[in-house]
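**Q** Spelled out, the chains give:
Protein chains: 2
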Amino acid sequence: MINLYVSRKALSYTFPIFFCMKALVVICDGMGDRPIEELGKKTPLEVARTPNMDELAARGINGTMHPIGPGIRAGSDTSHLAILGYDPFKVYTGRGPFEAAGLGIELKPGDIAFRCNFATIDENMVVTDRRAGRIKDTTELAKIINTLTLPGVEIIFKSLSYRGALVLRGRGLSYKVSDSDPHYPNKKVEKVKPLDNSKEAKRTAQLVNEFTEKVQEALSGKKANMLLLRGCGAAVKLQSITEKYGISGSCMATTAIIKGIAKSVGMNIINADLNYLKRSSRALKELEKVDFLLMNIKEADEAGHDHNPRKKVEIIEKIDEAIGVFLDFSQENYVAVLADHTTPCSFGDHTGDPVPITICGPEVRTDEVDKFSERANSKGGLGWIVGTNFMPILLNFMNKSEKFGA
Amino acid sequence: MINLYVSRKALSYTFPIFFCMKALVVICDGMGDRPIEELGKKTPLEVARTPNMDELAARGINGTMHPIGPGIRAGSDTSHLAILGYDPFKVYTGRGPFEAAGLGIELKPGDIAFRCNFATIDENMVVTDRRAGRIKDTTELAKIINTLTLPGVEIIFKSLSYRGALVLRGRGLSYKVSDSDPHYPNKKVEKVKPLDNSKEAKRTAQLVNEFTEKVQEALSGKKANMLLLRGCGAAVKLQSITEKYGISGSCMATTAIIKGIAKSVGMNIINADLNYLKRSSRALKELEKVDFLLMNIKEADEAGHDHNPRKKVEIIEKIDEAIGVFLDFSQENYVAVLADHTTPCSFGDHTGDPVPITICGPEVRTDEVDKFSERANSKGGLGWIVGTNFMPILLNFMNKSEKFGA
Numbered sequence: 124m125i126n127l128y129v130s131r132k133a134l135s136y137t138f139p140i141f142f143c144m145k146a147l148v149v150i151c152d153g154m155g156d157r158p159i160e161e162l163g164k165k166t167p168l169e170v171a172r173t174p175n176m177d178e179l180a181a182r183g184i185n186g187t188m189h190p191i192g193p194g195i196r197a198g199s200d201t202s203h204l205a206i207l208g209y210d211p212f213k214v215y216t217g218r219g220p221f222e223a224a225g226l227g228i229e230l231k232p233g234d235i236a237f238r239c240n241f242a243t244i245d246e247n248m249v250v251t252d253r254r255a256g257r258i259k260d261t262t263e264l265a266k267i268i269n270t271l272t273l274p275g276v277e278i279i280f281k282s283l284s285y286r287g288a289l290v291l292r293g294r295g296l297s298y299k300v301s302d303s304d305p306h307y308p309n310k311k312v313e314k315v316k317p318l319d320n321s322k323e324a325k326r327t328a329q330l331v332n333e334f335t336e337k338v339q340e341a342l343s344g345k346k347a348n349m350l351l352l353r354g355c356g357a358a359v360k361l362q363s364i365t366e367k368y369g370i371s372g373s374c375m376a377t378t379a380i381i382k383g384i385a386k387s388v389g390m391n392i393i394n395a396d397l398n399y400l401k402r403s404s405r406a407l408k409e410l411e412k413v414d415f416l417l418m419n420i421k422e423a424d425e426a427g428h429d430h431n432p433r434k435k436v437e438i439i440e441k442i443d444e445a446i447g448v449f450l451d452f453s454q455e456n457y458v459a460v461l462a463d464h465t466t467p468c469s470f471g472d473h474t475g476d477p478v479p480i481t482i483c484g485p486e487v488r489t490d491e492v493d494k495f496s497e498r499a500n501s502k503g504g505l506g507w508i509v510g511t512n513f514m515p516i517l518l519n520f521m522n523k524s525e526k527f528g529a
Numbered sequence: 124m125i126n127l128y129v130s131r132k133a134l135s136y137t138f139p140i141f142f143c144m145k146a147l148v149v150i151c152d153g154m155g156d157r158p159i160e161e162l163g164k165k166t167p168l169e170v171a172r173t174p175n176m177d178e179l180a181a182r183g184i185n186g187t188m189h190p191i192g193p194g195i196r197a198g199s200d201t202s203h204l205a206i207l208g209y210d211p212f213k214v215y216t217g218r219g220p221f222e223a224a225g226l227g228i229e230l231k232p233g234d235i236a237f238r239c240n241f242a243t244i245d246e247n248m249v250v251t252d253r254r255a256g257r258i259k260d261t262t263e264l265a266k267i268i269n270t271l272t273l274p275g276v277e278i279i280f281k282s283l284s285y286r287g288a289l290v291l292r293g294r295g296l297s298y299k300v301s302d303s304d305p306h307y308p309n310k311k312v313e314k315v316k317p318l319d320n321s322k323e324a325k326r327t328a329q330l331v332n333e334f335t336e337k338v339q340e341a342l343s344g345k346k347a348n349m350l351l352l353r354g355c356g357a358a359v360k361l362q363s364i365t366e367k368y369g370i371s372g373s374c375m376a377t378t379a380i381i382k383g384i385a386k387s388v389g390m391n392i393i394n395a396d397l398n399y400l401k402r403s404s405r406a407l408k409e410l411e412k413v414d415f416l417l418m419n420i421k422e423a424d425e426a427g428h429d430h431n432p433r434k435k436v437e438i439i440e441k442i443d444e445a446i447g448v449f450l451d452f453s454q455e456n457y458v459a460v461l462a463d464h465t466t467p468c469s470f471g472d473h474t475g476d477p478v479p480i481t482i483c484g485p486e487v488r489t490d491e492v493d494k495f496s497e498r499a500n501s502k503g504g505l506g507w508i509v510g511t512n513f514m515p516i517l518l519n520f521m522n523k524s525e526k527f528g529a
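If you're matching them up, the sequences are chains A and B in order.
The first sequence begins at 124 in this note's numbering and counts up one residue at a time.
The second sequence begins at 124 in this note's numbering and counts up one residue at a time.
Any copy, or any two copies together, can satisfy a pair, since identical chains are not distinguished.
Computed cross-link-like contacts, DMTMM-like style, restricted to lysine to aspartate or glutamate with a CA-CA straight-line distance of at most 20 Å: (1) 502 x 490; (2) 165 x 493; (3) 526 x 425; (4) 165 x 455; (5) 165 x 490; (6) 441 x 177; (7) 523 x 472; (8) 231 x 277; (9) 502 x 491; (10) 367 x 319; (11) 164 x 491; (12) 314 x 302; (13) 164 x 429; (14) 164 x 490; (15) 526 x 486; (16) 213 x 319; (17) 408 x 396; (18) 337 x 277; (19) 526 x 302; (20) 213 x 525.
Simulated from the structure, these hints should not be mistaken for laboratory data.
Quick caveat, the model's predicted, so the values are computed rather than measured.
The following block holds chain A by itself, in its conformation from the complex (with noise of 0.2 Å):
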């Protein structure tokens, strides 16, 4: 009998333009803990039953990964462009715009955008409630919002329940203003201030002030009474993933700053399921239209912030069932496992703590790692990388790079 198979990878050499390597990158949120006392001083992932990770950590390239640079403490935003390969120092100047992206505004160069909470404060300003009781339909209230005006400038808002975004559209605004937001309840809103000298920073505090001003009055007698600011960027045009790559590409995440950087850079949306199964079967056959598929799983990230290890662990054991249905995926294209950033329970919030990344695929050079976690995979082939290393180690092993020389 002749064996007929013929591997993915050979044709695609052969005929690269029918038969491309594909890749899934799994960004599990937050992951990346400390070791932690109550857990026998290991790690959620280090005590999670995972065998499917481990499995692709045997079968791959294992590493650590630095989001931004060593102890650097990442936001999801900054790391996700990172990982994407899009330098956060460059093009980063505050989450507005992203929001602003994530919720379907078309943003222009000179744009600034914040990050809104709609909230419910007192007669003497002072916030009782930052998110209005979490209220759910704000379509009139984002109305009311999008008829106020600013002189000189163009308002143009959106939101999803309590939470939205605001675009101001004009000559000679800055992104080099403080948030309005207190952060905190029973704190009173704040006077947005100019961050630096220029008369475009002090115009813009102004107009923003002014903005709240006419807020406070529109809403007036509602229980969303307030519109909260904060995270003022500078709207960038970014090239997308097709021009910077040459590959298509989807995103699929249920957070609005994921899925505003992912249109950023040109990538399908495509909503997350509850049910993590779901997700993994969703995502397999959106990976036989487009060669990039990035799977934001934002669950770990929340116990991080929580404090909470057990329901950490939990939910890590979750994403592996998950995981395992890409197992068959991985022998003929690439799978990555990593984390965008640790989420300590300790802290519960980010730290610059670096975070265990695996690469399973054709031709990986692979190594002794069997067992997916922060300290296993400090000992794997992969070295330690930073997260804009990510997309050309990824875009090498796809054959699809082009060559720097001769």
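Since chain A is already given, all that's left is putting chain B on it; use the hints.
**A** Same frame as chain A, now just chain B:
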């Protein structure tokens, strides 16, 4: 009895002017590979019997090198520049100037240069043979090319067999122009196009197209009746290694491009014998005169380009024999063995996978690696470095570095 033996290293501390540590850098072109099914999921270097490289690894310090950066696919030219300590992102715009230098043309800042092939075309400008039957003697053809004229531009051409380099010298030239070489047979000679909107690029493209017409006229009726141009780059004045590091150096290589790079940084060029062992004795002889010898061994790369893993194993074993000649030398001096990039037999071209590196010599912090290979070296004490880290590390061992600070 008194032990009168004093090591060269000890003498170098006391009499640094007379007893300088020397260094031999053996760059095995394209030797890195990926695990290959046919070789039992091992790389050619893992399969090959390499007792001498293994001894250097056992007595040396080992690591992994990204020639340019993680995942970046290096050319041999850009990687050699990086290994010699010249950032290719700053000094490399195309291979042309280095090819020209390799053929003995003295370049000046402002010059642009192309790599050229003598070719055969038919009456419709379709290339029927990209190498004009690998024509050997092109002295007369080169003379004809050098009689051609262009307005305001000096033409300097040199060739060796069917290969050559063309330098254009004059004001306001730009390297941002495309190739006339269609890169494949049975295709028409391309019109050279400007690659940006500058008037310099437009004028250069015009001039080069005029040159191509003149070549066609001048070589009409000959077998080699066209000159195909590619890899245009701008000449850059590079500091010599003597100015930069205070060392004298030679380069043993077979290809014009590597010789050209070495010449561009002020190194002497010595030819490589066909016999590997003769190369080694020639190298040791040269090291009596100079501090530093770069020895490029081309053949493993060719086996990679030819998709021939068995051949690659054979070549690596021959290279190992040649390296055996240096074991003695490495007791009192430094011998580094590395690849300039990975050329997987599966892919048949350079990829961005990193390469193993070993530095053996006095006082290095030895590690537990006792086998030289892609995966064994990733457990070494040198960790992960990039190409431009290599010279500072080597010069430091040689006690040839300046202190930064007090």
